[in-house]
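Please model the entire structure based on the sequences and the hints provided.
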Amino acid sequence: MLIMALVFCIALLGLSLTQTHLLSVLLCLEMMMVALYLGLGLMSLSGLNYSLMVALVLLTFSACEASSGLALLVLISRSHGSDLLKSFNLS
Amino acid sequence: MVGMCGMLGLVSLLIMGIFLFDKTKENLAQAIKYSGFMNLLLLTLMVVSEENEMLLMKWEWVKLGGYSLSISFRYDMYTCSFFVVALYVTWNILIFSFYYMSTDPRVDLFCKYLGLFLIAMLLLVSAEGFFQLLIGWEGVGIMSYLLISWWYARSDANTAALQAIFYNRIGDIGLVIMLVWSLMNTSDWTFTSLYALDMFNVFLVVGVVLAAMGKSAQLGLHPWLPAAMEGPTPVSSLLHSSTMVVAGVFLLIRFSPIILMNSYAQAGVFLLGTMTTLFSAICALAQNDMKKVVAYSTASQLGLMVTAVGVGVPQLAFLHICMHAFFKAMLFMCSGGYIHGLQNEQDIRKMGGFLFATPITSSCLFIGSAALMGTPFLAGFFSKDPIIEAINISNMNSWAIGLVLVATSFTAVYSFRLMFMGVGSASRMFTLQPMNEEYNNLVGPLQRLCYGSIVAGVVFIYFLIPYQVSILSLPFTLKLAAIMVTAVGGLVSWDVVKLLHTSEGTVNVNYLSFEAQVGFYSHIMHKIMPKVWMTLGENYQMQMIDRGWAELTLPQGFGQNYKLLADNINQTQTALVKMYIAIMMLILMMMLMLIALS
Amino acid sequence: MSPYISPLFGLAMGSSVLLISSSTHWVFVWLGLELGTLAFIPMLAWWHSSLEVEATVKYFIIQAMAAAVFFFGGLVMTSTEYISGLSQFVGNFGEVLIMFSIIMKLGLVPFHYWVVDVVQGLNYLPGMVLLTWQKVPGLMVLVQLVSMQNGLILLIFGALSAFWGGLGGLGQTQMRKLLAFSSIAHLGWLVSGCVVGTMLGSMYFILYVVLSIPVFVFLYILNNTHLNQVRASLVSNPVAAMVVGVGFLSLAGLPPFMGFFGKWLVLTWLLNNFLVGGAVALVVGALVSLFYYLRVSYMCMVILGPQQIMVSLSWRKGFMGSLLGGLVVLNLLGLLLVGGISSLSK
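Protein chains in written order, with my numbering: chain A, 1 to 91; chain X, 92 to 689; chain G, 690 to 1035.
Just so you know, these hints were derived from the structure itself, not from any lab.
Be aware that a few hints might be false.
Pairs of lysine to any residue residues, derived as SDA-like cross-links and limited to a Cα-Cα distance of at most 25 Å, are as follows [as the list claims (entries may be wrong)]:
| no. | chain 1 | residue 1 | chain 2 | residue 2 |
| --- | --- | --- | --- | --- |
| 1 | X | 654 | G | 891 |
| 2 | X | 669 | A | 48 |
| 3 | X | 154 | G | 972 |
| 4 | X | 618 | X | 376 |
| 5 | X | 654 | G | 730 |
| 6 | X | 589 | X | 521 |
| 7 | X | 669 | A | 75 |
| 8 | X | 154 | G | 899 |
| 9 | A | 86 | G | 735 |
| 10 | X | 669 | G | 799 |
| 11 | X | 654 | G | 918 |
| 12 | X | 669 | A | 34 |
| 13 | A | 86 | G | 730 |
| 14 | X | 124 | X | 553 |
| 15 | X | 669 | A | 67 |
| 16 | X | 669 | A | 10 |
| 17 | X | 654 | G | 980 |
| 18 | X | 669 | A | 46 |
| 19 | X | 154 | G | 892 |
| 20 | X | 669 | A | 30 |
| 21 | X | 203 | X | 241 |
| 22 | X | 669 | A | 20 |
| 23 | X | 570 | X | 486 |
| 24 | X | 441 | X | 607 |
| 25 | X | 669 | A | 56 |
| 26 | X | 154 | G | 891 |
| 27 | X | 669 | A | 17 |
| 28 | X | 654 | G | 862 |
| 29 | X | 669 | G | 849 |
| 30 | X | 669 | G | 860 |
Here it is, written out as structure tokens:
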């Protein structure tokens, strides 16, 4: 569990401090999601059976989120010409 | 049954209110008339069934905790009688204003103002909750302002309207004191719970008396009433004789159970009334403006009403309100007729001999003045005589009682002077004056109010008798005191008129300057006092504090600080979302640490 | 974006609220929140202009992060205490994390920075949905979380929010930023209301929605984004200008209008619960914000050019008179509603 928390916090820190590409921000978000997935898997070991089903739900939704994030990435690179965070006032 | 009829009366008033939106003013007059008849029916029913008091339409409007604000109407003898009188008088005044204002392009609006004013007054009188009372009270105030400044192009009218609103505002402070006190001490802000409280409080009584002083133009807050004669005559007739100015007295009557609990408060009200009645009567002696004479006589009668409340007979004060409404509205109408006939000439020194030019108006003036003086068996007699009797047998300050008698005799003096200068004597107007009274809208209301002035006393004394039993045997001199002093006043008036207006050569009239200048009150209060205050205010308040320290510390200082703060806050809006996220994370960490530590 | 697909997103946004309101388990609440956000994202980027896309990205990142934190909090809560309902108070880190993530999603004060920039980038109508409808899921979670400790934190944040929203708007000349700050300030009142009574919070929220929708819609019609443009709006479209002006007065909480009664009720309940400090802070915040509300409504309703020829103006034709009347009446409904609202229980 502690590993999961650590991974999550590192991802969060990465999310806060990434300064160059939007893609890396999205990757950080994905990493957070993976950490949560990890947490759910660990939880099933300690006896909470339904957490595996929840893990599926989480996966589905993180996939949705990732896809809409990528769609936004495409959109913004079409309107701004790049995915550099500097070019659109994000960092 | 009576409750049903009460609801019908209320509905008739509502329908009358709807007619305010009607295009034709005649319909409004008709609606007021029928509403008056409806309420007369209600009054009769109440008298016959000996129902003293009822509350109509108790609707709880706002409920907050243990406190509730409800809308309901208090129908008792006062309300019903006043409704009948006010509706009757207003109907006549409205018709009179068709005559008087016929050349005014905005006469329709004028009639609507009058109707709205009437509704505000009725709301005031019938209020059970103080919230309603406040609405009526302020409605009367604002409508009086609008009506007095009807001819807004005249600076005099504007000044008078401003005076009215300012003096009334001083009185409203008193009303607000009363309201706040009763808000804190009753659960639902109504008369019922205030009476049930059965408690005397200095704040409450001072507030009520101050409010009554402002609205009823008692001594100290009186100058607006004569000044308000700048409005059109129908306005004077409605507002400043029969309805609005009696609102203060009516408030005193409503609160009389509380005022009469304490002998000091009672004495205070009594002395206030006597001072007012005497002062106004003195001022009325020397006025040359016809409407001003009537206005001061109104103020004097208001003083008499307040005196009656102070002496412990609020029922008689109310009776005097009703009687006074009839003949004072009529007197104003008569003077309006003269003024209109003389092409807006108001000076009584330029009148005279109207008995032949306008016999009906002059007769009405005579009857009205006689009723005002308290001539036996006219309307004024039935209210004024018992009041004077009650004053005579009370154990109040005998000096004050004497002053009331003097004021009563002065009533006769100025009434006779007015009649002599206007109706009697030789004509002093220009030769070619289109003086006539061939207007139905003038003569009709005059006649109707004249009947009222003659018979109303007999009718109203039947059911508006005082609750306390008066002393049945009275010394002959006290019983006849009122009539005797009036007779003496009548005799004196002859000499006054002769001295002032008919003797050969010039008369030294310096001794009259106190009267002619109405006690120098306006001079002192409106000229010298403001100047003193202006000087003080300019030197100390404005130069030193307002433009000095206060300006630097409060507006400038606050403004600077807030500007700085706002600038700093706007600095944080860098539009860099990654920065925001970092800040958020930082705050989140800090909060979590704080919570973990605590 | 194709307009034919938008009902689907609307449906998803609606069902997210239903999902949240009908579930107690935090996973489903999370699902609802995610569903609402993801369905709203395409709507934000409707017009594909660069500003809007940028704002959408900002919104997306913040919301996704907050959702992840929410899930993390739920995970912590479940794995330490074996509790899955939100309304069961456990008082551990997980619950606090959930609360902070919700505050992040709503944009209450220490986490409010994104609101202003996102709203500034958006068009008025998506902005309106963002500031009204998108608050519903978050608030529904928040009222479940209120407890002694959390309530105190929320109250402090609420008071701070009202004050901050007032101060932030003082120097603003951009209408949308102004509205965002106003929304922050109102959120402060709203959250304080939620702390003292759920019913009160939802009442205030409904009032806020009813008040702000006309303002947004008519600002959209006027197409004003800067305060200078507002100045000319009385001439170009007086009806809309009047509605905006009255709406701003109402948002400011001046007595005859509806906004006053919401504030009044919140204050009453706060004082009934002896939370005098919070009440004072809220009132001071409202006072500060009054300045910019009055400035906007002054520009909307009072200022007129020196020589306007009024005859040829379009509003003379009176085609929007009834609309104006309806909205003003809606604003003044507060007078009548006060009786009904005040008799409601907490």
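ask   = Honestly, which of those hints from before does the structure not fit?
value = Of the numbered hints, 1, 2, 5, 18, 25 do not hold.
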